[in-house]
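Trainee: Chains as they are written, first to last, in numbering that gives the first Met the number 0: chain A, 0 to 85; chain B, 0 to 600.
The hints are simulated quantities; they were obtained by calculation from the structure and are not laboratory data.
From a predicted model like this one, the values you see are computed outputs, not experimental measurements.
Any given hint could turn out to be false.
With a straight-line cut-off of 27 Å between C-alpha atoms, the simulated BS3-like cross-links for lysine-lysine are [claimed, not checked]:
#, chain 1, residue 1, chain 2, residue 2
1, B, 560, B, 25
2, B, 25, B, 420
3, B, 142, B, 472
4, B, 560, A, 1
5, B, 472, B, 29
6, B, 25, B, 116
7, B, 29, B, 507
8, B, 420, B, 558
9, B, 116, A, 1
10, B, 472, A, 28
11, B, 25, A, 1
12, B, 507, B, 116
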Amino acid sequence: MKLDIRMPLGLLFVVLGLLLAIFGVASQKELYERSLGININLWWGLVLVLFGSCTLLLARRGQQRSEQAGATPTTQSSNRGTTGHE
Amino acid sequence: MGLSSIDWIIMAVYFVFVLGIGAALKRYVKTSTDFFLAGRAIPAWVCGLAFISANLGAQEVIGMGASGAKYGLATSHFYWIGAIPAMVFVGIFMMPFYYSSRARSVPEYLRLRFDEKTRALNAISFATMTIFSSGISMYVMAKLIQTLHILDAPFHSLGIPQAWIFHAGILVSATVVLVYIYLGGLTSAIYNEVLQFFLIVAGFLPLVWLGLKNVGGWSGLKATLGPSYTHSWVGMSSPHTNRLGVEWFGLTMGLGFVLSFGYWCTDFLVVQRAMAADSLAAARRTPLIAAIPKMLFPFLVILPGLIAIALPTQPATAVGNSGTAINAPAGQGLIPAKLDPTTAQPVLDHGGKPQLDYDMAVPNMLLHYFPTGILGLGLTALLASFMSGMAGNVTAFNTVWTHDIYEPYIRPNAGDAHYLKMGRMATVFGIALSIAAAYMATSFNNIMDMLQLVFAFVNAPLFATFLLGMFWKRTTGHGAFTGLLSGTLTAALHHGLTLPEGAGAGIKGGWLQHIFHTYPSPYPSEMAQNFWTAIFAWSACFLVTILVSLLTRPQEESKLKGLVYSLTERPSSGDLPWYQRPVVLGLVALAGAALLNIIFR
């Protein structure tokens, strides 16, 4: 694959999750009346960071695997992936 | 409603990623195959998520929440009956023909299988339809930005007149979609659809969780709303005893067979995502992988509508369609009464009761439960869904325009680089035309309704043509063409001669003056009429195609290899691990849908 979609996907969710969680820690308690008293920014932010990190981890593993496959050129797609970076 | 800087930052981060993906993919687009078919190099799971995301436009997220509030859990039929079986069918039986024939689009398959005129008919009607759908998506989005007063404060502080908010909404969404498709083509659209898929889940899951917690869970919802809202099959024996106003036969045949198979199996907008897969096995898995999250989507998009109607009526937090909900008559739950946009008076139904503005169910739910911060995420998810719907239409348009209209009829044999350039140009003028369509919708609302009706007539018979074409080698081009025309005509006739109960003749039907049948319904609903229009259109197309095919000269069998079931080698899946085999995945999806139907009967 030319650009692993899991890279930008994971990165986006880590960034969004961090933003939400930090804002959640910094914000006032009164803000959360509408969300039933739950600091939804903090908790959901953490969930998103977790999801994003797992996605990044998978992307990293996929990259290592295609590098190994690239050393012994058997699959066409991994070849295209490495020569695409001219 | 005021957004604070954290909401704006979240939105901005998302836009940076969307455009960044387009920019990063630009250097991989070298041939027209890269641009129109993503180089046929996308893994199955990415195609699968794009497959549902392309369909997850405005109509889906806003519309399914609205239907949830209006019809209750019976809306889930649009998923468990109206999507999953068709998705399994296209993956197992039809994808081998689409993918292996090397057709670059659905109309091109029709040319290979039948003839030039059948392709032209399908290509032109489909291209027109994509322009209007993406225009409607844009219109709904700009309207929503206006209604929710998202941009009021920044526009005020910059001294720009409020009337420009609508234009800004259209312009920004059009530009973003234009840039990322222009740069990266279908790959860019597909990658962004994956992003959009996860964003919609991330934005709506906490909404459903908070909402359910608030109303006392599913059992609390059941207790508040009563059985007519919380069952999908109870009362389906007669149109008088369910909120959809449909009986089981019309539902399963009309929605579950004709409409659903017509959309999921023949609409190039979704089929294109599978054609981009990196192998035939991956193309077949695409709709099957998509079916698994698809069957869970009712909980994400329909439940917010149900919760919105179940909450106690709170006019203070709800925003009406014109923004002046304060002196308007009370709605129900979070759903405001519908106001006439010109007079600001409530719209009354035939019984003199105010109508509800169901489309506000989901936006009002976001405003009700989400504090600033996650509100930015929720609104971004909403915007993402609009843009994925638009982008899906635009990529389908530029492909069909270039391969099925420009290349065969305007400039054949021009070389790959020329068609690649044309594809990029088609993206630009496709979006320009969609903007025109969006503005058309603002001034002539009825024209849009009418166009959608005409498209429904054109689409209803399509699946009969594909079914016969793929599984009966005797079907001929003349048969397919006359079948399609007579199906469309039958749909128009049926619509003109029938009327849903309580509606006036006109856009809702009965425009041929003689009304042969009125579809009874305890609630205002046009569904039974729509479903039966589809059933009649399909049957007419099916019969006429067979008849005309038998009367015309059969096609040479040697030319039908790879296009018809009986003349094509079965794709073997013996070397795949069991969890990647299409039949296994298909059975899992069907069993899941059946189980959900039983649990929520």
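Trainee: The structure should be examined with respect to each hint, and the outcome stated for every one.
Mentor: Comparing the hints with the structure gives:
Restraint check for residue 560 (chain B) and residue 25 (chain B): not satisfied, since their Cα atoms lie roughly 37 Å apart, outside the 27 Å limit. With a C-alpha separation of about 13 Å, the suggested pair residue 25 (chain B) and residue 420 (chain B) falls inside the 27 Å cut-off, and the hint holds. With a CA separation close to 49 Å, the supplied pair residue 142 (chain B) and residue 472 (chain B) exceeds the 27 Å bound. Under the criterion of a C-alpha separation no larger than 27 Å, the hint pairing residue 560 (chain B) with residue 1 (chain A) is inconsistent with the structure, at around 33 Å.
For a cut-off of 27 Å, the pair hint linking residue 472 (chain B) to residue 29 (chain B) is broken: about 38 Å separates their Cα positions. Taking the CA atoms of residue 25 (chain B) and residue 116 (chain B), the gap is about 36 Å. The hint is violated against a cut of 27 Å. At roughly 48 Å between alpha-carbon atoms, residue 29 (chain B) and residue 507 (chain B) are farther apart than 27 Å, so this suggested pair is violated. Taken as a hint, the residue 420 (chain B) and residue 558 (chain B) pair is broken in the structure, with Cα atoms around 32 Å apart against an allowance of 27 Å.
Between residue 116 (chain B) and residue 1 (chain A), the direct Cα distance comes to roughly 38 Å. Violation of the 27 Å bound is thereby established for this hinted pair. Between residue 472 (chain B) and residue 28 (chain A) the CA atoms are separated by roughly 69 Å; this puts the pair beyond 27 Å, and the hint is violated. For the hint linking residue 25 (chain B) to residue 1 (chain A), the alpha-carbon distance of about 11 Å falls within 27 Å, and the restraint holds. With a C-alpha separation of about 31 Å, the suggested pair residue 507 (chain B) and residue 116 (chain B) falls outside the 27 Å cut-off, and the hint is violated.
Violated hints for the displayed structure, listed by number in ascending order: 1, 3, 4, 5, 6, 7, 8, 9, 10 and 12.
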